[in-house]
Amino acid sequence: MARQHKRIRSIFHNRRQFTRANAARLLDKTVDWVDKSRFSRENGELLSWEEMILLAELRWPITEIDRALGSEQASTVPALWRLVELSVRVPAFKAIALELQAQRQRVEPSDLILWGIDVSFDEAEELEARHPGMVDAWSFPYDRRRRGAGWVSRCTEE
Amino acid sequence: MTEMNATTSEAERPDRETLLAFFAGSREPVSLEVAARLTGQLEAELYADARTDGRLAEPFATGDAALDWDEVAYLTIEAWPRTWLVNTLGAEAAVLPPYLRPVDVSVSLPIYVVVALHQQFESARTTAEARRGLTFHDYVARLLHLAIESETVDELRADSDFNEAYDYPHGGA
Numbered sequence: 004m005a006r007q008h009k010r011i012r013s014i015f016h017n018r019r020q021f022t023r024a025n026a027a028r029l030l031d032k033t034v035d036w037v038d039k040s041r042f043s044r045e046n047g048e049l050l051s052w053e054e055m056i057l058l059a060e061l062r063w064p065i066t067e068i069d070r071a072l073g074s075e076q077a078s079t080v081p082a083l084w085r086l087v088e089l090s091v092r093v094p095a096f097k098a099i100a101l102e103l104q105a106q107r108q109r110v111e112p113s114d115l116i117l118w119g120i121d122v123s124f125d126e127a128e129e130l131e132a133r134h135p136g137m138v139d140a141w142s143f144p145y146d147r148r149r150r151g152a153g154w155v156s157r158c159t160e161e
Numbered sequence: 349m350t351e352m353n354a355t356t357s358e359a360e361r362p363d364r365e366t367l368l369a370f371f372a373g374s375r376e377p378v379s380l381e382v383a384a385r386l387t388g389q390l391e392a393e394l395y396a397d398a399r400t401d402g403r404l405a406e407p408f409a410t411g412d413a414a415l416d417w418d419e420v421a422y423l424t425i426e427a428w429p430r431t432w433l434v435n436t437l438g439a440e441a442a443v444l445p446p447y448l449r450p451v452d453v454s455v456s457l458p459i460y461v462v463v464a465l466h467q468q469f470e471s472a473r474t475t476a477e478a479r480r481g482l483t484f485h486d487y488v489a490r491l492l493h494l495a496i497e498s499e500t501v502d503e504l505r506a507d508s509d510f511n512e513a514y515d516y517p518h519g520g521a
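Respectively, the protein sequence lines represent chains Z and U. Everything in the first sequence is counted per the numbering used here, starting at 4 for the first residue and increasing by one. Everything in the second sequence is counted per the numbering used here, starting at 349 for the first residue and increasing by one.
Since the hints were derived computationally from the structure, they do not count as laboratory data. For glycine and all other residues, C-beta sits at the position ideal for the given N, C-alpha and C. Among the hints, a few may not be true.
[Unchecked claim] Pair ranges (Cβ atoms, derived):
1) Z:L61 with U:D509: 33 to 41 Å
2) Z:R6 with U:S471: 40 to 48 Å
3) Z:R18 with U:D401: 54 to 62 Å
Starting from the given sequences, assemble the full structure and let the hints guide the process.
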């Protein structure tokens, strides 16, 4: 676990480009997995830091990333990207199903809930006035000026 | 102003006796009047929806329209905040499958997602749901239902308590 946390910190803390082999080593996956999972294949042999962050989010549960970054998060990720505990009351059978599904998929219940929530840029922008930092958090790992270009590129690829 | 109050005022909730008599009673067709009291909807609304969807039960001997028991049970448990429903039934909550009762689940999510989720709840909640006091917890429970995959349900089918809650009210009596 300590080694995994070290890898996560290494990815998040040092903005740089990664070779495919180095990306695979840091993500503890094969080069083949990296190639199949990439978001911006047009970058060629090198993965951008932003692409690597997205792969890290795909690779590890968000709670694991949160634990690895620990108190150093303030200097690494936008304030509203950090995790907060949410307690909800749901029917017991749904709580049981959530737990089992998370075990089967080797993730945590938080990830399943997160994957089921779709937040659009328009929503983030609308909430920005009341909750400054929404757009930064939504855009991460891209910054809000570069997000537009990245988004167009991903849509074109699809 | 009066009109606004009429649309935003709280819907009248069924009392404990009405709920108990319904959930613990025989699963006979239900009159529109009783269904309206249980679900917080207007009789005309219930009738129109059921007729459109072909869900009207056989009319009573009097010729009055009726709804099937399981239809009304489903509408009733979805209509009200689950915690309120279970608390109102109190010691008699056993008339509902045990796994329908709410439990606390804690998850960790990015702050911006939680902020957006609260906003989505406010936007998605219909006026009727707001009047019935449906909560953020009920909204998340619905989202959660969509996230549960059929493989997970299949794996849990061996648990009779899970089955009973998942299929309710359409399962066995």
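Checked hints:
1. Between Z:L61 and U:D509 the CB atoms are about 35 Å apart, so this pair conforms to the stated range of 33 to 41 Å.
2. A beta carbon spacing of about 44 Å between Z:R6 and U:S471 agrees with the range 40 to 48 Å that was offered as a hint.
3. For the pair Z:R18 and U:D401, the supplied restraint of 54 to 62 Å holds, since their beta-carbon distance comes to about 56 Å.
The structure shown violates none of the earlier numbered hints.
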